[in-house]
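*Asks:* Single-letter residue listing:
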Amino acid sequence: MIPAIFFYIFAATAVVMAVLVVSARNPIYSATALIGCLLAVAGIFALDSAHLMALLQVLVYAGAIMVLILFVIMMLNLSPEELGERRITVRRVAGAYFLGAIATLMIVRFAKHLWTPTREVGPSYGTIEEVGEILFTEYLLPFEMVSLLLLAAIIGAVVLTRREKGSGP
Amino acid sequence: MTHETLVLSIVLFTIGATGFVVRRNAIVVLMCVELMLNAANLAFIAFSRQHVDLTGHIYVFMIMTVAAAEAAVGLAIVVLIFRTRKVANLDEINLMKG
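Chains as they are written, first to last, in the working numbering: chain C, 1 to 169; chain F, 170 to 267.
Hints were generated in silico from the structure; no laboratory data involved. Where a beta carbon is used, it is the ideal one built from N, C-alpha and C, also for glycine. Hints may be right or wrong, so weigh each one.
[Said to hold, decoys possible] For each label pair, taking beta carbons as the anchor points, the in silico distance ranges come out as:
(1) 104/C / 262/F: 29 to 35 Å
(2) 220/F / 71/C: 37 to 43 Å
(3) 59/C / 264/F: 36 to 42 Å
(4) 254/F / 104/C: 37 to 43 Å
(5) 101/C / 253/F: 36 to 42 Å
(6) 124/C / 258/F: 45 to 51 Å
(7) 132/C / 263/F: 44 to 50 Å
(8) 264/F / 123/C: 54 to 60 Å
(9) 254/F / 120/C: 55 to 61 Å
(10) 124/C / 193/F: 43 to 49 Å
(11) 15/C / 254/F: 20 to 26 Å
(12) 263/F / 123/C: 40 to 46 Å
Using the sequences and the hints, build the whole thing.
*Replies:* Structure (structure tokens):
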């Protein structure tokens with residue numbers, strides 16, 4: 001009963017924050033709302049016994065990635081004219097309507113199976129120990145490849161934003 | 170609870186996809202991509218709990234890493250375009266050259 005109440009609180013927060021991300025005119029408000037949404041989703045992760053993933057969600061997503069995005073928003077320092085987007089066009093309304101139809105279809109389709117967890121989980125499910133053991137035995141190769149991906153991303157970001165010597169800011 | 174989590178995942182994904190289509194500010198579009206990836210993570214966690222199998226957590230771990238890499242490179246490209254063209258509106262960035 002208590003987890004269900006918490007689930008609905010977190011779910012409502014996540015949806016409201018997600019709508020704010022899309023509807024806010026100022027990107028700073030969008031980013032702040034996105035942090036709230038990610039924290040609410042981290043709460044749902046914790047309710048689903050995914051303790052390590054809830055921790056990583058807060059540390060990596062709401063911490064590192066959002067700080068990077070906020071940093072770039074403040075660095076670009078967009079003027080109010082650049083922030084102003086064009087008014088709602090027919091194309092946009094049609095796009096939103098189409099996506100809403102797809103979501104309704106998926107929800108109705110999912111409603112045919114009532115998924116409920118049948119088995120209880122042990123106390124070690126989703127802890128650092130259990131996830132780490134799988135990660136470093138069964139999924140060792142993907143883990144190493146992901147480190148290469150991060151290395152490529154670091155080099156790519158540095159190369160892209162590097163300034164040539166002698167050129168202006 | 171798996172069912173409710175999946176419905177929430179669909180709703181969040183649709184909001185993110187709508188924002189991706191509707192918004193034209195490059196940074197907000199990147200944030201909408203994060204929202205969609207996050208909705209996918211939610212579905213993985215829900216199914217992982219349903220089947221009591223930790224493989225879904227490994228997938229979530231990998232998606233988070235890809236999201237971090239995507240944010241770093243995407244923001245670098247936005248900074249680069251803003252430095253050369255002084256725009257952050259995706260409708261005005263429609264040429265590969267020039």
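*Asks:* Okay, residue 124/C versus residue 258/F on CB: inside 45 to 51 Å?
*Replies:* The hinted range 45 to 51 Å holds for residue 124/C and residue 258/F, with Cβ atoms some 50 Å apart.
*Asks:* A range of 43 to 49 Å was offered for this pair. Does it hold for the Cβ distance of residue 124/C and residue 193/F?
*Replies:* At roughly 47 Å between Cβ atoms, residue 193/F and residue 124/C fall inside 43 to 49 Å, so the hint holds.
*Asks:* So the hint says 54 to 60 Å: do the beta-carbon atoms of residue 264/F and residue 123/C match that?
*Replies:* holds, 57 Å
*Asks:* Could you tell me whether the CB distance from residue 104/C to residue 262/F stays inside 29 to 35 Å?
*Replies:* holds, 33 Å
*Asks:* Verify the CB-CB distance for residue 254/F and residue 104/C against the hinted window 37 to 43 Å.
*Replies:* Holds, since residue 254/F and residue 104/C (Cβ atoms, about 39 Å apart) stay within the stated range.
*Asks:* Confirm or reject the claim that residue 15/C and residue 254/F have a C-beta distance inside 20 to 26 Å.
*Replies:* Given range 20 to 26 Å: violated, Cβ gap about 35 Å.
*Asks:* Does the Cβ pair residue 59/C, residue 264/F satisfy 36 to 42 Å?
*Replies:* Given a distance of about 39 Å, which is inside 36 to 42 Å, the answer is holds.
*Asks:* Within 44 to 50 Å or not, the Cβ separation of residue 132/C and residue 263/F?
*Replies:* holds, 46 Å
*Asks:* Would you say the C-beta atoms of residue 101/C and residue 253/F sit inside 36 to 42 Å of each other?
*Replies:* Hint holds: Cβ distance 39 Å, inside 36 to 42 Å.
*Asks:* For the hint 37 to 43 Å, verify it against the beta carbon of residue 220/F and that of residue 71/C.
*Replies:* holds, 39 Å
*Asks:* Kindly confirm whether 55 to 61 Å is satisfied by the beta carbon distance between residue 254/F and residue 120/C.
*Replies:* holds, 57 Å
*Asks:* Between residue 263/F and residue 123/C, does the C-beta distance stay in 40 to 46 Å?
*Replies:* For residue 263/F and residue 123/C the Cβ distance comes to about 55 Å; the hint is violated.
In terms of the numbered hints stated before, the structure departs from hints 11, 12, listed from lowest to highest.
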